[in-house]
Amino acid sequence: MDGCTPIRAPILHPAGPVALAERDLLFTAVFIMLVVLIPVFVMTFLFAWRYRASGGKGRYTPNWFYSGKIDALIWLVPAAIVVILACLLWSETHRLDPYRQLNAGTRPLEVEAVAQDWKWLFIYPEHGIASVNELAFPAGRPLSLKITSDTVMNSFFIPALGGQIYAMAGMQTRLNLLADRSGCFRGRNMQYSGDGFPDQHFAARALSAEAFEDWVAKARKSPERLDATSYRALAAPSRDHPVSYYSGVAPRLFDSIIAKYAGQHPE
Amino acid sequence: MSIAGKDTAVLPEADVYEQRALGFWLYLMSDAIIFALLFATYLVMVGNTAGGPGGGDLFSLSHTFGETLLLLTSSLTFGLASVALDSGNRRQLLGWLAVTFALGLGFVAMELREFHGLIALGAGPERSGFLSAFFTLVGTHGLHVSAGLVFILVMMAQVAVKGLSRPVASRLERLGLFWHFLDIVWIGIFSAVYLPGILQ
Amino acid sequence: MEMRILGRLTAADALPLYSWVAIGGAVVTILGFLAIIGTITWLGKWRYVWTEWLTSLDHKRIGILYVMLALVMLLRGFVDAIMMRAQQAFALNSGGYLPPEHFDQIFSSHGTIMVFFMAMPFLTGLINIIVPQQIGARDVAFPFMNSVSLWLTAAGAGLVLISLVVGRFSTAGWTGYPPYSGAGYNPGVGVDYWIWAIQVSGIGSTLSGINFIVTILKRRAPGMKLMRMPLFCWTTLASSILMVFAFPALTVTTALLALDRIFDMHFFTNTDGGNLMNYINLFWIWGHPEVYILILPAFGIYSGVVSTFAAKRLFGYKSLVYATMAIALLSFTVWLHHFFTMGASAGVNAFFGVATMVIAVPTGVKVFDWLMTLFRGRITFHPSMLWTLGFIVTFTIGGMTGVLLALPPADYLMHNSTFLVAHFHNMLIPGALFGYLAGYMYWFPKAFGFTLDERWGKRAFWCWISGFYLAFMPLYMLGFMGMARRMERYDVAAWQPPLVIAALGAAVILAGIACLVIQLIASIRTRERRRDLTGDPWDGRTLEWLTASPPAPYNFAVLPQVRDIDALHEMKRRGAVYERPERYEDILLPRNTGAGVLIGGFAFVFGFSAVWHIWWAAAAALLALLAAAAARSFCDRTEFRLSASEIQQIEERRLRQLAGEEAL
Numbered sequence: 001m002d003g004c005t006p007i008r009a010p011i012l013h014p015a016g017p018v019a020l021a022e023r024d025l026l027f028t029a030v031f032i033m034l035v036v037l038i039p040v041f042v043m044t045f046l047f048a049w050r051y052r053a054s055g056g057k058g059r060y061t062p063n064w065f066y067s068g069k070i071d072a073l074i075w076l077v078p079a080a081i082v083v084i085l086a087c088l089l090w091s092e093t094h095r096l097d098p099y100r101q102l103n104a105g106t107r108p109l110e111v112e113a114v115a116q117d118w119k120w121l122f123i124y125p126e127h128g129i130a131s132v133n134e135l136a137f138p139a140g141r142p143l144s145l146k147i148t149s150d151t152v153m154n155s156f157f158i159p160a161l162g163g164q165i166y167a168m169a170g171m172q173t174r175l176n177l178l179a180d181r182s183g184c185f186r187g188r189n190m191q192y193s194g195d196g197f198p199d200q201h202f203a204a205r206a207l208s209a210e211a212f213e214d215w216v217a218k219a220r221k222s223p224e225r226l227d228a229t230s231y232r233a234l235a236a237p238s239r240d241h242p243v244s245y246y247s248g249v250a251p252r253l254f255d256s257i258i259a260k261y262a263g264q265h266p267e
Numbered sequence: 001m002s003i004a005g006k007d008t009a010v011l012p013e014a015d016v017y018e019q020r021a022l023g024f025w026l027y028l029m030s031d032a033i034i035f036a037l038l039f040a041t042y043l044v045m046v047g048n049t050a051g052g053p054g055g056g057d058l059f060s061l062s063h064t065f066g067e068t069l070l071l072l073t074s075s076l077t078f079g080l081a082s083v084a085l086d087s088g089n090r091r092q093l094l095g096w097l098a099v100t101f102a103l104g105l106g107f108v109a110m111e112l113r114e115f116h117g118l119i120a121l122g123a124g125p126e127r128s129g130f131l132s133a134f135f136t137l138v139g140t141h142g143l144h145v146s147a148g149l150v151f152i153l154v155m156m157a158q159v160a161v162k163g164l165s166r167p168v169a170s171r172l173e174r175l176g177l178f179w180h181f182l183d184i185v186w187i188g189i190f191s192a193v194y195l196p197g198i199l200q
Numbered sequence: 001m002e003m004r005i006l007g008r009l010t011a012a013d014a015l016p017l018y019s020w021v022a023i024g025g026a027v028v029t030i031l032g033f034l035a036i037i038g039t040i041t042w043l044g045k046w047r048y049v050w051t052e053w054l055t056s057l058d059h060k061r062i063g064i065l066y067v068m069l070a071l072v073m074l075l076r077g078f079v080d081a082i083m084m085r086a087q088q089a090f091a092l093n094s095g096g097y098l099p100p101e102h103f104d105q106i107f108s109s110h111g112t113i114m115v116f117f118m119a120m121p122f123l124t125g126l127i128n129i130i131v132p133q134q135i136g137a138r139d140v141a142f143p144f145m146n147s148v149s150l151w152l153t154a155a156g157a158g159l160v161l162i163s164l165v166v167g168r169f170s171t172a173g174w175t176g177y178p179p180y181s182g183a184g185y186n187p188g189v190g191v192d193y194w195i196w197a198i199q200v201s202g203i204g205s206t207l208s209g210i211n212f213i214v215t216i217l218k219r220r221a222p223g224m225k226l227m228r229m230p231l232f233c234w235t236t237l238a239s240s241i242l243m244v245f246a247f248p249a250l251t252v253t254t255a256l257l258a259l260d261r262i263f264d265m266h267f268f269t270n271t272d273g274g275n276l277m278n279y280i281n282l283f284w285i286w287g288h289p290e291v292y293i294l295i296l297p298a299f300g301i302y303s304g305v306v307s308t309f310a311a312k313r314l315f316g317y318k319s320l321v322y323a324t325m326a327i328a329l330l331s332f333t334v335w336l337h338h339f340f341t342m343g344a345s346a347g348v349n350a351f352f353g354v355a356t357m358v359i360a361v362p363t364g365v366k367v368f369d370w371l372m373t374l375f376r377g378r379i380t381f382h383p384s385m386l387w388t389l390g391f392i393v394t395f396t397i398g399g400m401t402g403v404l405l406a407l408p409p410a411d412y413l414m415h416n417s418t419f420l421v422a423h424f425h426n427m428l429i430p431g432a433l434f435g436y437l438a439g440y441m442y443w444f445p446k447a448f449g450f451t452l453d454e455r456w457g458k459r460a461f462w463c464w465i466s467g468f469y470l471a472f473m474p475l476y477m478l479g480f481m482g483m484a485r486r487m488e489r490y491d492v493a494a495w496q497p498p499l500v501i502a503a504l505g506a507a508v509i510l511a512g513i514a515c516l517v518i519q520l521i522a523s524i525r526t527r528e529r530r531r532d533l534t535g536d537p538w539d540g541r542t543l544e545w546l547t548a549s550p551p552a553p554y555n556f557a558v559l560p561q562v563r564d565i566d567a568l569h570e571m572k573r574r575g576a577v578y579e580r581p582e583r584y585e586d587i588l589l590p591r592n593t594g595a596g597v598l599i600g601g602f603a604f605v606f607g608f609s610a611v612w613h614i615w616w617a618a619a620a621a622l623l624a625l626l627a628a629a630a631a632r633s634f635c636d637r638t639e640f641r642l643s644a645s646e647i648q649q650i651e652e653r654r655l656r657q658l659a660g661e662e663a664l
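Protein chains in written order, with UniProt numbering: chain A, 1 to 267; chain B, 1 to 200; chain C, 1 to 664.
To be clear, the hints were calculated from the coordinates, so they are not data collected in a lab. Just to be clear, a hint being listed does not mean it is correct.
As the list claims (entries may be wrong) - Listed next, with one range per pair, are the computed distances between beta-carbon atoms: (1) A:L88 / C:P497: 45 to 53 Å; (2) A:I70 / B:A147: 48 to 56 Å; (3) B:G56 / C:R4: 40 to 48 Å; (4) B:A147 / C:Y18: 36 to 44 Å; (5) C:P497 / A:A21: 48 to 56 Å.
Claimed, not checked - Simulated crosslink set (SDA-like; lysine to any residue; CA at most 25 Å straight-line): (6) C:K225 / C:R313; (7) B:K162 / C:R313; (8) A:K260 / C:P187; (9) A:K69 / C:Y322; (10) A:K260 / A:A217; (11) A:K260 / A:G128.
As the list claims (entries may be wrong) - Covered stretches of chain A, as calculated for chain C (at least 3 residues, CB under 8 Å): (12) 30-42; (13) 45-56; (14) 180-190.
Beta carbons are placed, not taken as given, at the ideal position from N, Cα and C, and that holds for glycine.
Using the sequences and the hints given, assemble the complete structure.
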């Protein structure tokens with residue numbers, strides 16, 4: 001529908017450094033934990049076989065129920081693994097903080113994303129354009145997203161590029177992503193939000209610099225402009241909203257969407 | 001294998017009341033968590049006035065002081081009821097319970113008047129997150145006091161009908177715990193809700 | 001707005017006419033209800049059911065009713081599960097056979113039922129039947145409150161069930177996140193059914209927790225020091241402490257959501273100063289400890305089963321006790337890991353991530369302690385042992401994926417995906433349900449006096465465990481493929497094959513459930529030759545195997561004297577078991593009362609009326625409930641005296657039975 005052929009398993013085959021680092025952390029942790037897992041599997045099957053009442057070869061010591069050495073071992077080994085994982089966790093959580101700006105030698109592209117029932121609006125303040133259900137950006141240039149919701153809580157996620165973050169009305173969250181090759185990826189809302197939730201996905205297009213310029217030019221040709229009235233029409237619940245473009249956006253629209261909820265009392 | 005006393009088929013009566021006391025303490029602790037979370041919610045929402053009035057605009061020191069006085073005095077009179085219970089003086093016990101009831105009723109009446117006044121001002125619980133949290137925290141305490149009033153009435157009836165039997169006395173002890181607990185919660189409300197609001 | 005006698009209840013809103021499947025569900029529910037009523041009437045057993053069961057304050061009877069409720073709700077919850085699996089197997093580029101508003105109710109009711117009305121009653125029932133016997137007590141501390149807890153839980157379950165017939169259930173998931181669950185986005189009755197069902201049953205759970213704590217701390221037999229208690233008592237104590245301290249958080253969370261919905265307040269709304277993040281925090285302050293409320297009792301069951309069927313004393317008893325208490329304590333420090341993706345600072349996320357991983361240490365210790373108990377044991381493969389072995393292997397995998405999710409950057413990828421769904425099912429099916437089923441097959445003879453068929457038990461186990469792997473390993477994979485949870489349909493063709501495998505897995509689990517049903521029926525039909533005449537069919541080690549099967553109402557005619565861990569095993573070694581005491585004494589036992597049923601009934605009417613805004617009825621039910629409680633407090637004759645001579649008769653019969661058994 002969005003013209004994307006999604007990657008089969010985007011988490012396992014990421015297309016950017018953030019998702020790659022997150023995936024590698026996952027793999028590293030699995031390998032470290034195998035130190036505990038493999039003994040558990042081996043011991044379960046071995047003991048069940050060796051000490052079976054019906055002809056097992058193992059010794060039977062009904063009154064043996066404690067060994068200080070084994071007790072120490074079964075506390076210390078898991079504890080040691082957790083200490084190692086905790087160190088890894090601490091540094092990686094700070095390094096992969098979604099709020100942290102990525103450094104790729106170029107200025108990041110700022111995009112404002114708004115979750116609506118049941119679609120995504122992307123505002124490009126640098127270019128004064130906006131798009132619905134399509135997020136285009138240059139590959140190799142960091143993408144810095146400001147995210148909010150104009151409805152219930154959503155969660156913004158492009159699996160191939162990096163982890164998700166909630167979109168909440170009256171609040172702004174941030175996400176920094178980078179695609180290191182061009183391609184079309186699937187993005188979606190991960191937080192169930194009602195009947196239209198299954199269709200609430202969008203195309204995330206990482207384009208070459210020229211292709212991105214072309215894309216911006218195409219959006220600029222759109223007859224539609226996003227002002228207060230057309231915004232209200234767009235924000236009304238709709239399913240399977242087609243990809244569409246706006247050649248102009250009312251100033252500070254994103255901030256006004258947040259301000260609508262942030263502690264104001266509607267008249 | 002039997003040891004005299006330990007094997008008796010019937011639990012010693014004292015144990016039964018000890019168990020009930022422990023059970024009631026556990027209930028009070030879980031109730032304390034309800035209040036703790038309502039306090040936390042209030043503190044989270046105290047600034048969320050949504051352009052409406054805040055605590056400084058709404059709270060009256062003299063009114064709150066009056067409520068506090070009624071409730072603290074009722075704790076004192078309940079203490080006197082407990083003394084009467086210990087000395088087995090039924091008339092005095094009923095008398096002090098009645099005074100406690102009257103003071104508690106006065107407290108609830110004052111709280112209702114305050115709520116009524118706020119709602120008349122357009123500062124009802126639906127006005128803002130802050131007011132929702134305020135009405136809920138204070139109202140939950142008020143509901144507890146009202147439940148305590150019903151509890152007092154039931155116990156007065158039991159004292160009148162059954163006399164100072166052991167089960168009745170143990171229930172009165174638990175009612176006392178409940179009543180003093182509500183006092184402590186009110187002191188929390190006074191210091192975390194009204195005082196900062198007024199000093200704003 | 002005109003005042004209406006029946007609130008917002010109208011035939012048009014109430015009847016489930018929105019889909020044929022929903023109508024079918026309603027019909028099945030009504031027929032099931034009528035079948036139960038009809039059977040009891042046809043057998044003429046109403047008096048028996050009322051006097052012996054519904055009004056009973058005997059902890060064993062109450063426990064059995066809890067387990068029956070749990071098994072019925074397990075069926076209902078599983079029907080939801082297999083409907084979801086079937087829907088997702090078909091719904092590629094199509095609507096499948098369920099419309100979204102129906103699918104969304106199903107995933108909401110599945111979670112709600114399995115957590116609140118299957119797992120909670122199952123563990124509460126097993127605790128009720130067994131813990132008093134294990135500590136050498138004659139009943140729980142507060143038998144009447146026990147009955148009230150049961151009927152409040154049943155009232156909550158009744159509200160979920162009736163939502164299938166009158167109105168709709170919530171579509172907001174079992175977690176009910178606002179603002180979606182608020183009146184603005186969800187004005188119907190569904191969320192209200194969810195709120196009042198868990199509110200009513202949650203109060204029952206808090207009361208159960210209080211009851212079990214006092215029972216364990218104050219009702220132990222002479223010599224039963226805390227550090228001599230069977231592990232199941234320890235894990236029950238830990239779980240009960242969590243119930244008392246965590247359930248108030250659920251009460252507050254759902255009450256505030258109800259205030260938002262009914263009185264237009266602004267705790268969690270988008271507008272007017274509401275704060276949805278506060279809901280999510282409050283919910284998980286209850287929700288994370290709840291995971292351990294469900295799992296810890298199962299850990300206790302596994303400990304008993306391992307020791308009994310390895311015929312060996314539990315390895316590292318003290319380690320297991322400390323690990324249990326450590327888990328209970330730590331469970332309050334990790335709630336934020338349910339929402340690492342909310343945008344908290346890296347420091348906060350890292351702190352809660354590390355705290356979460358720390359829980360893996362005591363959990364790992366437990367796994368190794370069970371393994372070391374198997375080491376140099378003599379293992380009998382009773383079905384309960386199979387559930388335990390299956391648990392050790394499978395739960396360890398779930399533990400690993402749990403540690404992965406505790407790494408915030410990895411969680412950013414896996415949160416809200418089917419990987420998460422696979423993870424928590426991987427914890428709760430082996431970690432809790434397998435344990436309950438192990439306990440069910442282990443203790444069934446204690447409750448009913450005859451054993452369950454082992455062959456069908458083993459078949460059930462193999463179906464469940466293979467079905468589990470078939471159903472949930474594909475969901476892990478789908479998480480890597482970026483599939484969100486709770487999708488009614490999808491347009492990614494690559495997702496379909498794993499979803500079809502998952503649906504087959506659900507079908508295999510269905511076969512496992514069929515085995516459980518057949519096992520029960522077959523065992524009842526052949527009960528005469530499966531009689532447990534000794535009260536100790538597995539050469540048990542703990543005190544519940546000292547009583548008769550089923551136990552006399554008082555459990556122990558003479559309270560046992562405990563000298564060691566594995567008290568019964570120690571008595572057997574000493575040759576001091578089944579001794580005839582010098583004399584018997586009268587025993588006071590709780591007298592039956594219908595007040596518990598009445599209070600539960602009023603709670604149900606209150607809940608139903610609150611859902612439909614029938615405020616006069618809600619107020620009347622609440623007043624009636626208070627009046628019933630107050631009236632009960634006037635009743636001082638709450639116990640009856642079983643005379644020493646009656647007890648002597650019962651005990652002599654048992655001793656003769658034991659002697660006959662030994663002569664064989």
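Structure-based check of all given hints:
1. A:L88 / C:P497: 45 to 53 Å: For P497 (chain C) against L88 (chain A), whose Cβ atoms are near 34 Å apart, the range 45 to 53 Å is violated.
2. A:I70 / B:A147: 48 to 56 Å: Once the Cβ atoms are compared, 54 Å apart, the range 48 to 56 Å for A147 (chain B) and I70 (chain A) holds.
3. B:G56 / C:R4: 40 to 48 Å: At 41 Å between Cβs, range holds.
4. B:A147 / C:Y18: 36 to 44 Å: holds, 41 Å
5. C:P497 / A:A21: 48 to 56 Å: Violated, at about 30 Å.
6. C:K225 / C:R313: Holds, at roughly 17 Å.
7. B:K162 / C:R313: Not satisfied, since the Cα-Cα distance of roughly 53 Å exceeds 25 Å.
8. A:K260 / C:P187: OK: K260 (chain A) and P187 (chain C) at ~22 Å, within 25 Å.
9. A:K69 / C:Y322: Judged against 25 Å, a Cα distance of about 17 Å means the pair holds.
10. A:K260 / A:A217: Outside the cut-off at roughly 31 Å; violated.
11. A:K260 / A:G128: Within the cut-off at roughly 21 Å; holds.
12. 30-42: It holds: at least three residues are needed, and the stretch 30-42 of chain A offers 6 whose Cβ sits within less than 8 Å of chain C.
13. 45-56: It holds: at least three residues are needed, and the stretch 45-56 of chain A offers 6 whose Cβ sits within less than 8 Å of chain C.
14. 180-190: Our answer is that it holds, as 4 residues pass the Cβ test (under 8 Å) against chain C, meeting three.
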